[in-house]
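Colleague: Sequence:
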Amino acid sequence: MSKNIDDLFDVFEENDVENIEENIGKEYDEGDSKGGSKGKRKGRSKGSSKGRSKGRSKGSNNGSSNGSSNGSSNGSSNGSSNGSSNGSSNGSSNGSSEEGCERNEPVNGPGCEKHERAAYKINVENLISYRKREDRVKKEIKEEIYSDEQKFDGIGKNVSNKIRKVGEETEIRRNKKTAKGAKKVEEIIIENSKTINNDDILVLEEFGSDVNCIHKCVRPQSYVHNKLSDSITPARTYKFDLDTFQKKSIECLEMNESVLVSAHTSAGKTVIAEYAIALGLRDKQRVIYTSPIKALSNQKYRDLSEEFKDVGLITGDISINPEASIIVMTTEILRSMLYRGSSLTKEVKWVIFDEIHYMRDRDRGVIWEETIILLPLLVRFIFLSATIPNGIQFAEWVSSIKSQACHIVYTDYRPTPLQHYIYPTSSESVFLICDENKDFKKDNFIKAVNVIKERMNTSEEGNTNGNNNKGNSFYFKKTRKNTFDIEKIVQMCHSRNYTPLIIFAFSKKECEVNATTMHKVDLTDDSEKEIIKELYENAIQILADDDRALPQVQFILPLLLRGIGIHHGGLLPIIKEIIEIMFQESLLKVLFSTETFSMGINMPAKTVVFTSLKKYDGVEKRLITSGEYIQMAGRAGRRGLDDRGIVIIMLDTPLHWKEAEKLFVGEANRLVSQFHLGYNMILNLLRIEGITPEFMIERSFIQYQMKKNLFQKIFAKKKVEEKIKQIFQALANITIDDIQNSNEEEAHLNGEIKGQCLINVENGNQDPDINVLSNCNRNDSDIECVDNSHALSDEVKKYNTVFSLISNYYLIKCKLVELGESYRSILTAKKNITPYLSLGRLLYMVEGDQKWGWCICLEGRIINSTEDTNNVVNRGNTCSRGDNINVGGIILVVDCLVPYSQNKKRKMMTQGEEEEDDRGNEDILEHIPAVDRQKAKWKVGTFSAGCIYQLSAVVLSIDKPFDKKCDEEIERVRIKYNTMVGCLKGEKNIPVISPYQMDIKDEQFLKIVKGIKYYEDLLSKNKLVKNKNLSKYYQMYNKYVALQFEKNILESTIEKCRFIVLKKELNNMLVLLQGLNYIEVTSSATSQTETNTRVKDEIGGSAENCENDNVSTGAYSSGDREIEQPAEEKNYIVTMKGQIASAILSVDELVISELFFSNFFSKYTYDYICAFLSCFVYDESTNKEISINDPVLVEGYKQIIKTATTVANKMNDCGMKINVKDYLDKFKSAIMPIVLLWARGHSFMEILTDSQIYEGSIIRTLR
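Each position in the sequence shown, counted from 1, maps to that position plus 68 in the numbering used here.
Among the hints, erroneous ones may be present.
Simulated restraints on C-beta separations [unchecked claim]: (1) Leu445 to Asp511: 52 to 58 Å; (2) Ser575 to Ile599: 43 to 49 Å; (3) Asn294 to Ile599: 48 to 54 Å; (4) Thr693 to Val1139: 47 to 53 Å; (5) Met524 to Glu1071: 48 to 54 Å; (6) Glu208 to Gly384: 25 to 31 Å; (7) Leu611 to Gln1267: 36 to 42 Å; (8) Asn265 to Asp614: 37 to 43 Å.
Worth flagging that the hints you see were computed from the coordinates, not collected in a lab.
All C-beta atoms, glycine included, are put in the ideal place defined by N, C-alpha and C.
Please put together the full structure from these sequences, using the hints given.
Modeller: Spelled out as structure tokens, the structure:
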């Protein structure tokens, strides 16, 4: 070769070390830099530098040529001579190892040991952990186990994977008669579902379904339907034709049976509620209409008062005609009546639960469950809900606890179809991304996202060139740009007659800012202005003169006159009601609202606009769910007025098309129980004779869902065990003798596996180093022999089978990967790796599960942890396992030249992993490690220092300064690298710096290296190492371990499902209540509680069924013994203190009771008492701290916090894991000064002086 290899290398001088350390270490602590580099400089000056100078004096430019001149076969052998690894590694050896051997020292003498240690090279392949492959294995296992498990609780045709037709047992096919004649009804017994009261089996009836309507019914098997009479007089008639789902629902009501109506917003569910009310009036029965929020209750009261007589309203704010035949109330009010034993609840025949899907609300959802459970058995229910996927499961629950039939009438039909558009902010166009047929337009969405990306890139360039001011000015610019875009949308909708328009935002402040900045928008004519002004002035006449001068009352009128309204919880009730009426009458063209407006209020619009798709839910800022989007978007399109509804989403940041598709056409949120225990609930239940907290828990929806989940897990466990057995037999049936005979081995392998046990096997050529599972038994510190007892039974050890060999191989690989992570954590520490990050150094890089191989180091540098650390070669590939060397918020990264190729295949996604590329599943050019490195192109990539697996002694000679963006310079380096590889006769001969030569003075590091060598020797002795089927065996065993892991999870879940849920929490809460003297306990010798017995019977009976189906039920044996043990049944008596606490609703009853019984309130006058109580009610969050100047308030608030801290600590003492800080944050003092003035009789105008709190929030707190 014409070019001398010596010209390709550059000696790594000591001053280079100093320059690199000074350059990289300047952002670290000064002391750390000194301590980290001083020792290395000293060691290298004595060893490496000396070795290098000696090597160069012999006429070669590097230590590798020096090594070859001493007789070694190639450059890789220089580790045994002058300075071993290119002179840059421990040159102090200076050839002494060979000299020692030549002097006939003992074999185990120090000279040969040095020689052996210097020549030791770790096999990197054994240290790589392929976690993404492991995730794919787990994902495929879950798909195999759960793919054919149909949703038994869904609305669709296939109801359960474990059902049997009644005819298969009784050979009877029943015919059910309806008012229209005889129809066949398919009856299906629902496995593992019984009524709580009499253990009657539940039956699912499937009626003939219409195109746009599905009708099913869940009932106890012994229940007999009421027959419809042809001569019955309808309770209410309509001038228009009813939809199919409305007709079927009304038939259910006439049969005196409960019904769940699941339909889209504005589909016409109100018709069914009105018919139920008319039915109650016809039959002289009382009807209660419940709603989740007061605003909806107020509206329903107004609407029903126009249609019916004798209508009452009961909310926390007002009570009108409480003895009426039709009473509208919030669900909390009904629950309170049930706990108090109100006579009104005993007279009710029909209870209408509007917006029942609100049951999944994290904080308030439990109220619906309590109410349904406590209502008498004779009450019939009408559940009105948005579309919910698990409606049948909900109906099963109702039927099981009430022993009555519950119909499910479901329709996905939307009378006014929707069109969904994306408007990229600061652009001039909108993109249709979902049409009336729910066809997602992926190409259009990608175009819209690309517009956003182009705008963002332009903005970033502008910020780089100009002054990048941050802070309030940035927020103002962003807000102003947002309002400018909103103004454009409003003007466009108004010009195209797309009004009325609802614009949803997720904060009160944003609503008001968006509305008040639209100065140029005027959407009403003169006649509409007159009507608005007259209506508004007449409405506020009920306010006092001073209150009419309130800022909110004054500033809202100019907006209303221009056709713009605001609706959120911070408005005065009178203002909010005026706006609702005006919007209903189409006097307002644009309404800026929070999402509360979507909760059932019947005020549809032509168009709905989203200013953002992200909201803060009290825990984090997240993308709204599909169910939340459906609820709000459903306000678009007025039935009978619009042929379609328009939904416009303002998008200012890129969103992946899969997330968008899931949002726009995805399934609605499932109805998941949010049941949790509260002290008020427990105390009230203990006061009711014959009812206990266990009674409530046993009948809760969460207990029912847990029980249904139990049997799914049992059958899943059976499938897992079958697959485990298949793999075990396939591997255990191949012996060592079969391995010697390749034909016999193939016969066994193909015969036993039958293609079922392999995952992604590519003719045995796939890398066998598949990632190991994290649940393997490991020991971080001790280097010991592998304990095969973890994987091998005594029986298997007797036979030399593939199973025993591959399990041994697998466990050793697990240990090597674990040691490799510890090895790299020390190797890539700043003080150890910094001296080697010189220009031209070859580094072996592995990023995630991608082996980039030998790369050329350009520089090491420090970046902030907030900066983008993604590899520029392949966006989105960050180093896995937390390998970033992060010290105090800064990260050490390495810029390298890497050979790459472009792959047009889609990136494989693991479960829970999001793709970074927003171009969807179209063919994308993904940069991956090159297969043919000699011919590949090279590019600059940025890696975390934690991606370094090995260091080479080779340092290519690269001219400084190196321009990373210059293709010509990159090409010259590539040629140098290929020439060097040619001289060394392949990359496998590239000299590697031995761990022993790095002068890392860490005993643990040397121990780890010794352990790696030990396990590598063990691995090499395994009889499968050279077997051509090793890859297949390894994949099979990898799946075997993953299946065992899944089995353990299932067994743990099954164990948790054996008893009633929340039992431990209940016991802890009872201990706390007893300790604080809220209850007294008496006990008597008896058997275990009836509740646990019933749970045992249910599970035991069902377990017998499972056993008949060859399902393992061993998990129940210990549980049965535990339940049957005799115990003392505790009887609880609620003390006077507990009775007072039970009457305190919606606030922290324990802290208030503790304050009350410590005579805290007796020290203060009524005005201060009101102020102190306000901190229990006020729940608005604020960024500004409000100073309290009144010393009495300060002193009292400190006492409240002290008492709350005591209560929280006692909770933790009783076994409840309470975050004390979060618990104390509930008690907000911001509103106390305002309430104090109000209690003293100050006018509302005076109260609001210097107040940052919304008027409506103050009113809500005071009420």
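Colleague: Taking the hints in turn, state whether each one holds.
Modeller: Cross-check of the supplied hints:
A beta carbon spacing of about 56 Å between Leu445 and Asp511 agrees with the range 52 to 58 Å that was offered as a hint. Between Ser575 and Ile599 the Cβ separation comes to about 31 Å, which falls outside the hinted range of 43 to 49 Å. For Asn294 paired with Ile599, a C-beta distance near 50 Å keeps the hint of 48 to 54 Å intact. Checking the proposed 47 to 53 Å range against Thr693 and Val1139 shows it is violated: the Cβ atoms sit about 37 Å from each other.
Range check, Met524 to Glu1071: Cβ separation about 51 Å, and the 48 to 54 Å hint holds. The supplied range of 25 to 31 Å is broken by Glu208 and Gly384, whose beta-carbon atoms lie about 53 Å from each other. In this structure the hint that Leu611 and Gln1267 lie 36 to 42 Å apart at CB holds, the actual value being about 37 Å. A beta carbon spacing of about 59 Å between Asn265 and Asp614 contradicts the range 37 to 43 Å that was offered as a hint.
Checked against the numbered hints given earlier, the structure breaks hints 2, 4, 6, 8 and satisfies all the rest.
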